[in-house]
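Novice: Listed below are the residues making up each chain.
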Amino acid sequence: METPILEMKSITKEFPGVKALDDVTFSVRKGEIHCLVGENGAGKSTLMKVLSGVHPFGSYTGDINIEGELQKFGNIRDSEKAGIAIIYQELALIPELSVYENIFLGNEITNGLVIDSNESISQAVEILKKVGLDVNPMAKIKNLGVGKQQLVEIAKALKKDVKILILDEPTAALNENDSDNLLHLILELKKQGVTSILISHKLREVLEIADTITVLRDGKTVTTLDVESDKVSEPILIKNMVGRSIDNVFPKREKITVGDEVLRLEDWSAFSYAHGREILHNVNIKVHAGEIVGIAGLMGSGRTELAKSVFGNPDHYRLSGKVFIRGVEQKFRDPGDAIKSSMAYVTEDRKGNGLILIDDVKHNISLANLKEIAKAGVINENEEILVANQYRADLNIKTPSIQQKVRNLSGGNQQKVSLGKWLFVKPGIMILDEPTRGIDVGAKYEIYTIMNSLVEKGMSIIMISSELPEVLGMSDRIYVMSAGKIKGEMPIEEASQEEIMKLAVDY
Amino acid sequence: MEESKQTTNEKEHLTSLLTVLKTNISAYFMFIALIVIMVFFTVTTDGVFISSRNISNLINQMGYIAVLAVGMTLIIVIRHIELSVGYLAGFLGAFSAIAMTFWGWPVYAVIPAVMILGVLAGMLTATPVAKLGVPAFVSTMAAGLIFRGALLLVTMGTGTIVIKNSVFNAIGNGFIPDLPIPGLLPERHKLTLILGLAAIVLSIFSAIKSRKTRQSYNFSVPNFGLFVAQMVLVSVLIGYVTWILSGYNGISWSLVILLVVVAVFQFITTKTPLGRHIYAVGGNPEAAELSGISVSKITYIVFGAMGMLSSLSGIMYASRLRSATTTAGLGFETDAIAAAFVGGVSAAGGVGTITGSIIGALVMMSLTSGMNLMGIDISIQYIVRGAVLVLAVIFDRITRRKM
Ligand SMILES: Nc1ncnc2c1ncn2[C@@H]1O[C@H](COP(=O)(O)OP(=O)(O)OP(=O)(O)O)[C@@H](O)[C@H]1O
Ligand SMILES: [Mg+2]
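Residue numbers (our numbering), protein chains in the order written: chain A, 1 to 507; chain B, 1 to 403.
Because the hints were derived from the structure by calculation, they are not lab data.
Since the structure is predicted, the reported quantities are computational estimates derived from the model, not experimental observations.
A portion of the hints provided could be inaccurate.
Unchecked claim - Okay, the calculated bits of chain A under chain B, using three or more residues with CB under 8 angstroms as the criterion: (1) 109 to 115; (2) 345 to 356; (3) 381 to 392.
Every residue gets a Cβ at the ideal spot worked out from N, C-alpha and C, and that includes glycine.
With the rest of the complex left out, here is chain A (with noise of 0.2 angstroms):
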């Protein structure tokens, strides 16, 4: 057998309170495409972060051996040098740079002193070429969609030597047409050689390109599968990664009868004054009690922008129309308005704008409903650690402690976190923006379940998804979204994919 191009051998980290990875070995063969998959928390990014050099040699215990040879890599540098590239969880582009700017960003190309515009610009598009994007190299970064900007990631990852290409949930925050066009670069790359290792937590992309798939589970190695020899299957790899099968990704909820209408939008529009446009037209939408609304549509529609401009505002578009809640007109200056009136609404952004990262998981729960914790003015700690604790088992919320920084925990469980904020403000309207981007499939049943339940209990949720099969599975009904307009409307049992696509796409 030849020698594997990357051998992990009896990889364990610990940090404080947590084991993240417990002995495990990953070996991946030279020239495939080897997925990671596994629960949030199951330590997929951090067996990637000691890979790359950001957690250093010393600071975990086992060894990596790239073509046969011990490595002992003290940082991102020295795993570059030795043919690895690394794209994260989080883009890490600067946005009011352009796209050549970024693709060389740390290695810019200098006639002796001062940057060589022409060279490097006429590099990036031989590079931009390899990824298949069709930009101009002069583009700042904040012009792209979100598709754009991930291959961008990958041009800046290839424009050195790269044998191992790794991939931590690239396609988390890109639509169905943008994942399938990175997939095919990937498959693309491959035939020239590059392997590369993908962690994602949709399986259905996995099983399409994998060769080998690897399963980590608490931080250690379940198996290796050969995608082809071992006939995987979806529910093969769930049982796998959760221990258990689980038969209907999508739980039945109880049919009720819909109640009353919570939420109307009249001739809804905004003016984004940072954008210089009009970014919403005329949206008219109702909400019930009870029921489960779907915002569908691609990345860019004004689906963040609508839910934000509802709950209070806090871009300071230019409104116009009217809101009403259970019927009553409402003007609201800012979040905490609409969070009196009953609204929640969870951010698509965890890190950006949905979570104090510095701060620990028992703070964040409480922060947008202290009042609920404070008796007198004061706030009650125990009740506040009572509190958390509720949340961390009712989301099964991987932490060593509720003292620990939201920062610390994985991608996934930040999300758990955020949810469980939001829940504790018990709100009558809740917009979930992207509820199970970056979670695992169990956890993504276990939120399924706690949505179920609340409409069950009258709560209404607006879900925001450009998970066309998520939007399918747990919407009542389905507002379709493009160029801030609302495209179409139609109840679930007359929605498909292709319906909703046709609308999706059309400007």
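Please build the complex by placing chain B with the ligands on the supplied structure of chain A, with the hints as guidance.
Specialist: Here is chain B with the ligands on its own, set in the frame of chain A:
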């Protein structure tokens, strides 16, 4: 079953204790550094440093910077800076002097009036910051220039204004009265000792009570030995400080003011929703706003509090000098900012405690006092203080990154 639950509980408690210890390691370190500095000066000055008289002086000198450091901590926690506080303090000190000396206002009207003025000035300075997102650096620098001009303007005709009001002058120079108990400890300030004792009893009671409450929630508590050790440590500390103070004139009014300020702000920051909101805004303003916290409201509150503390600082300083001078307040902001950073606040926002900054102020003031006693030249003093400031911040960075 019960047993295994017990052990996981204990394990969890241990890890959370570890986390808490780790997060506060720089605070503990600064505390230890403070003690080392104090012992060092005590040795090099043959005990003069730790003498009752010197410690009493040190506290009175520190008072007007320490109250500023308390406010500055919150300003930096919400990711801003306030460069006008020194000049504002100087101006408000002069304003008090004028109001008492020339307008004949009674002292008990002057003090609240000046404090309200301070709040208004702070909020006014904050307006461009809160409403339009003007960097606080610019807004407060501009305000500083204006207050400096105002100070020069009001003292133009008179120059230094001498303050004759004895009540006002007691703030920076006076001490709480003693109890006339003849025969008992004639060399000591008895009320100070009694208050110290009361503080010890109070702290023990509140520690026991909070332990009991935790137990009533079935939460694990630190084991009894540790708990007792902690209480003994706190008691010894309070006891020692009051013992030293009682050897001179007892507790000064400056110390009373400082303790009240620290107690109030410590309470607000650690126990109330407002305190949480302040740290949330510092930690992630966007997330805070979406959680229903008005970032601009918090900005006004924090700058208003800073203005109020500036007025206190100005009053304490004018009182200490028994006069308002044209240079009052010069450089106070630098000392306050330094104290806050030595005490562990982070310019990145969301991190920093009131007690930390007070320790920071004590460190800086001990350095000044100790070096003065040793007769070290002012030039070297500046260099040493600069070096300590940068070392403290470097240490803070390193311990934080390790986590
Ligand atoms: N810097 C850190 N400090 C402390 N604990 C950490 C740190 N980084 C990760 N952990 C912990 O290590 C475990 C593994 O985390 P990791 O991020 O590798 O999970 P993951 O498999 O990538 O999960 P997800 O699918 O949610 O991204 C988690 O329990 C997490 O809380
Ligand atoms: Mg991860």
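Novice: Please verify the coverage claim for the stretch 381 to 392 of chain A: does it have three or more residues whose C-beta sits within 8 angstroms of some C-beta in chain B?
Specialist: holds (count 3)
Novice: Within the stretch 109 to 115 of chain A, is the number of residues with a Cβ closer than 8 angstroms to a Cβ of chain B three or more?
Specialist: violated (count 0)
Novice: Quick check: the stretch 345 to 356 of chain A, covered by chain B? Criterion 3+ residues, Cβ under 8 angstroms.
Specialist: holds (count 7)
Comparing the model with each numbered hint stated earlier shows that hint 1 is the single one that does not hold.
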